[in-house]
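Colleague: Sequence:
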Amino acid sequence: MCLLFSVACLLSYFQSEDFFHLDRVIRLTLNYNQEIRSKEDVTIWFVMTSDDPVLNPRQSCAIESTSQMNPFSEILVFHTRPDIEMKVNLPNVKFQYLGPQSMFAGSPLDSWYHSQAFNESPYKRIHLSDGLRTALLWEYGGIYMDLDFICLKPLRDLTRNFLGFEGEKRVNVMKYMTMHYNPDSIPGAGPNILSDVFLKHCPEDNSTDWSGTVTCDGVTAYPKHYFYPVPYEQNQKLFSRDHLEEVLKELDGSHAIHFWNALTNGIQANVKDEVVLTVLARKYCPSVANIAGESFRK
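Numbered according to mature numbering (1 follows the signal peptide of the UniProt record, and there is no 0), the sequence shown spans residues -16 to -1, 1 to 282.
These are calculated hints, taken from the structure and not from any lab test. Remember, it's a predicted structure, so these values are computed and weren't measured experimentally. The beta-carbon is built from N, C-alpha and C at its ideal position, and this holds for glycine as well. A portion of the hints provided could be inaccurate.
Said to hold, decoys possible - No farther apart than 30 Å at their CA atoms in a straight line, the calculated lysine-lysine pairs in the DSS-like style are these:
id : residue 1 : residue 2
1  : K208      : K256
2  : K208      : K221
3  : K71       : K137
4  : K256      : K233
5  : K108      : K233
6  : K256      : K267
7  : K267      : K71
8  : K108      : K78
9  : K267      : K208
10 : K233      : K221
11 : K78       : K256
12 : K71       : K108
13 : K137      : K108
14 : K221      : K267
15 : K208      : K108
16 : K233      : K267
17 : K267      : K78
18 : K137      : K208
19 : K256      : K137
Stated by the list, open to error - The calculated label-pair distances, taken between Cβ atoms and stated as ranges, are:
id : residue 1 : residue 2 : range
20 : P106      : Y81       : 35 to 45 Å
21 : S86       : R225      : 40 to 50 Å
22 : M163      : K108      : 37 to 47 Å
23 : A89       : M163      : 13 to 23 Å
24 : R65       : S169      : 18 to 28 Å
25 : P138      : A246      : 19 to 29 Å
26 : T199      : D226      : 29 to 39 Å
27 : Q220      : P66       : 21 to 31 Å
28 : D141      : Q100      : 36 to 46 Å
29 : D67       : D226      : 37 to 47 Å
30 : L247      : E278      : 19 to 29 Å
31 : K71       : N254      : 12 to 22 Å
32 : S224      : I275      : 18 to 28 Å
Based on the provided sequences and hints, a complete structural model is requested.
Modeller: Structure representation (structure tokens):
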């Protein structure tokens, strides 16, 4: 089993029965389904569990930018609402309805999905999305991305098994969702579980530079600037004219940028504004930007 990466978490490849909470971006090379996986590139997944019938501009930008940067990959958008709509047609993007019950059936997460704790959780929708990501990658492999990223570079040129740290040494994870599930917590488990698992196989010593790339047991951990050049506590830089040049210079080594939608979804942005989010949108998701008009918000 192999693994990829996520903004706030990571999926362990160490044992096939290990299942972790997956956020943001994760690549897992495990049991590829050849009917789904492109021969030229890996499949890239998105999952949408909201009740909205139409993808908003930011979500659509995540999909278009990923499509544009990875033209030989098949982009699959799984959704739990049968009538979802995207206003831009992209040649390598497909939408597919995903029934949670059938997805979990026969998987180690089936008992968790039917548990009282999950079904009575105040964060049930968030946790459902986490579980579906885990099940998809366990079943098919590929790359998972959240809908609040803009993809800046092809993902295929990264090492086969990789993960990305949000910050130095800290990665949020949900390990063994059936064993450590906390229905009253948004992440559902302790934030340091994945780090603990990773460190068991990659013991920390004085020579380990956690601010750079770390490789052990066949897994490469890239530093935060690869996917999180703007940390969540500085999310306002994405909407500030004063920080435009500063942030754009920091993107030279980045493969994607996360715009922290949970924190920024209420911030209004005109697609013509000279701020980081909209400047990148015009470049990496031009079709979406052309129809977004003045409202480039959630």
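Colleague: When the structure is checked against the list of hints, which entries are broken? Sort them ascending.
Modeller: 5, 13, 20, 22, 27
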